[in-house]
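Here are the chains, one letter per residue:
2 protein chains.
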Amino acid sequence: MATLYVIGIGPGGEDHFTRAMEKAIGASEVLVGYTPYMAYLGDRVQNKEIISTGMKSEIERCKAAIDQVKAGKTTSIISTGDAGLYGMAGPILELAPEDMDIQVLPGVSANFASAARLGAPIMHDFVTISLSDLLTPWELILKRVAMAVEGDFVITIYNPRSKGRPNHLRQVLDLMMDRGIEGSRPVGIVKNAGREGEVIYRTQLDQVDVEVVDMLSCVIIGNSKTYWKGDFMVTPRGYENK
Amino acid sequence: MATLYVIGIGPGGEDHFTRAMEKAIGASEVLVGYTPYMAYLGDRVQNKEIISTGMKSEIERCKAAIDQVKAGKTTSIISTGDAGLYGMAGPILELAPEDMDIQVLPGVSANFASAARLGAPIMHDFVTISLSDLLTPWELILKRVAMAVEGDFVITIYNPRSKGRPNHLRQVLDLMMDRGIEGSRPVGIVKNAGREGEVIYRTQLDQVDVEVVDMLSCVIIGNSKTYWKGDFMVTPRGYENK
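Listed in order, the protein sequences are those of chains A and B. Residues 0 to 241 (numbering that gives the first Met the number 0) are what the first sequence spells out, left to right. Residues 0 to 241 (numbering that gives the first Met the number 0) are what the second sequence spells out, left to right.
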């Protein structure tokens, strides 16, 4: 029986490919993905049938992958990061028939990739929130930010800012300060984590320049115990004194 | 100059090793880790100096790794999951001198590994909370659970239950229902995700048998939109109707 592999290849560079992904891609007749991501696969695309489409065609890509498996061809659908977080695993499982053999392979998510470049900013209880309001009401997003502040979570933000929503990040950072986070709270921003064009910004809550942030950036706001140690953003493992 | 690599090798099986980890381990003279985890490295330990210690000696392991690097030996300190989440990256950066060359390599975290085995339960905004109160006040943990419920986050729980805290998970699940989550909310539990001895439980909030849960289990509670589709736990990507 043909298998559908749902693969998030990590932040982009092949350094974060896992052995399970290499095997799945190797076993696939067909590779489906967003055109720019296919370049990360390098030679692995040789002798494969390739179906690649533009940014807005996620659902179309999912349907194409499902159709290939229905036609008996083992197929990998490729995204970046981990396919299970704002990725392709959800739409694939929503659209595929229940009896299809589907294997979701875990990968290195953009927030952990960004965190590693900053040091150890996550380390403790954390939340991940996307600021994209395409599919989620903006009021719910703001409520989640407020709850995250109230719970003193480390906060990692996806889709912080784009041309279509230039002010979302600014609004959220202001809300955090309104809700009582001090201006000196450490903030790390990583653009293109772990791939070409990587930029790291080390700053604090009241000094974030939102203009440097784009939709490929991950923004990490520390909890009340997070501090900078040289270039490293460090969240201690606990609240007690050692 | 010697380098200290901080590596979370993923859930355990070598299937989730990344190429960056293989390179770092290959470049290391010394490997430091918790004794049972060193077995996951297989032949990679050959011709290396190995420093392994028991469960309670995390800080001791960190100090040993730092000392090796101070002595000029490139060293990898190994944990499972991602080293940046409840892992070794924090204590290493807290304890090491500022001028040491430290590289944190991101890995596949236990919650994403567990999520992949369940299908796509995370997919949207989520929180991760550890129920270990060794270093965090229990009241703060309960407050975080309440905030997570209020924000309708997907909730992933680490360290849900151990001999020393047999009732923590029960208390937290009861709090979730007190706070208004319906009993039919999907819950997935994965023990030993992605390695030998893996067990997957598919259930709902008011039917969780906490007796099957141990400290190596990850518990995932869906948000208000999460549903079961056959064996797959699926959280849709958004709140709007397509």
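Just so you know, these hints were derived from the structure itself, not from any lab. In this text the structure is predicted, and so the values were computed from the model without any measurement. Backbone N, C-alpha and C fix where the C-beta goes; we use that ideal spot for every residue, glycine too. Misleading hints may appear alongside valid ones.
As the list claims (entries may be wrong) - Residues of chain A placed beyond 12 Å of chain B at every Cβ, according to the derived structure:
hint, residue
1, Asp14
2, Thr34
3, Ala63
4, Glu93
5, Gln102
6, Val107
7, Asp132
8, Leu134
9, Arg236
10, Tyr238
Stated by the list, open to error - Calculated cross-link-like contacts (lysine-lysine; reagent style DSSO-like; alpha-carbon spacing at most 30 Å):
hint, chain 1, residue 1, chain 2, residue 2
11, B, Lys190, A, Lys22
12, B, Lys22, B, Lys69
13, A, Lys69, B, Lys228
14, B, Lys47, B, Lys22
15, A, Lys190, A, Lys224
16, B, Lys72, B, Lys62
17, B, Lys69, B, Lys142
18, A, Lys224, B, Lys142
19, B, Lys190, B, Lys228
20, B, Lys224, B, Lys190
21, A, Lys228, B, Lys22
22, B, Lys72, A, Lys47
23, B, Lys228, A, Lys62
24, B, Lys142, A, Lys22
25, B, Lys47, A, Lys62
26, B, Lys228, A, Lys142
27, B, Lys62, B, Lys47
Each hint, compared with the structure:
1. Asp14: With a cut-off of 12 Å, A/Asp14 comes too close to chain B, as the shortest Cβ separation is near 4 Å.
2. Thr34: Given a closest Cβ separation of 21 Å, the condition holds.
3. Ala63: Holds, because the least Cβ-Cβ distance between A/Ala63 and chain B comes to about 17 Å, which exceeds 12 Å.
4. Glu93: violated (6 Å)
5. Gln102: violated (8 Å)
6. Val107: Incorrect as stated: the minimum Cβ-Cβ distance to chain B is 5 Å, not above 12 Å.
7. Asp132: violated (9 Å)
8. Leu134: Given that some Cβ of chain B is not farther than 12 Å from that of A/Leu134, nearest at about 2 Å, it is violated.
9. Arg236: violated (5 Å)
10. Tyr238: violated (5 Å)
11. B/Lys190 <-> A/Lys22: Holds: B/Lys190 and A/Lys22 sit about 24 Å apart, inside 30 Å.
12. B/Lys22 <-> B/Lys69: holds (21 Å)
13. A/Lys69 <-> B/Lys228: Status holds; Cα separation ~18 Å.
14. B/Lys47 <-> B/Lys22: OK: B/Lys47 and B/Lys22 at ~14 Å, within 30 Å.
15. A/Lys190 <-> A/Lys224: Answer holds: A/Lys190 to A/Lys224 is near 24 Å, not above 30 Å.
16. B/Lys72 <-> B/Lys62: holds (14 Å)
17. B/Lys69 <-> B/Lys142: violated (42 Å)
18. A/Lys224 <-> B/Lys142: This hinted pair holds, its Cα atoms lying about 17 Å apart.
19. B/Lys190 <-> B/Lys228: Given that 30 Å is the threshold and the Cα spacing comes to 21 Å, the pair holds.
20. B/Lys224 <-> B/Lys190: The given pair, whose Cα atoms are some 24 Å apart, holds under the 30 Å limit.
21. A/Lys228 <-> B/Lys22: holds (27 Å)
22. B/Lys72 <-> A/Lys47: violated (43 Å)
23. B/Lys228 <-> A/Lys62: holds (18 Å)
24. B/Lys142 <-> A/Lys22: With a Cα-Cα distance of about 43 Å, the restraint between B/Lys142 and A/Lys22 is violated, given a limit of 30 Å.
25. B/Lys47 <-> A/Lys62: violated (48 Å)
26. B/Lys228 <-> A/Lys142: Distance of about 29 Å is within 30 Å: holds.
27. B/Lys62 <-> B/Lys47: holds (18 Å)
Consistency note: the structure conflicts with the earlier hints numbered 1, 4, 5, 6, 7, 8, 9, 10, 17, 22, 24, 25.
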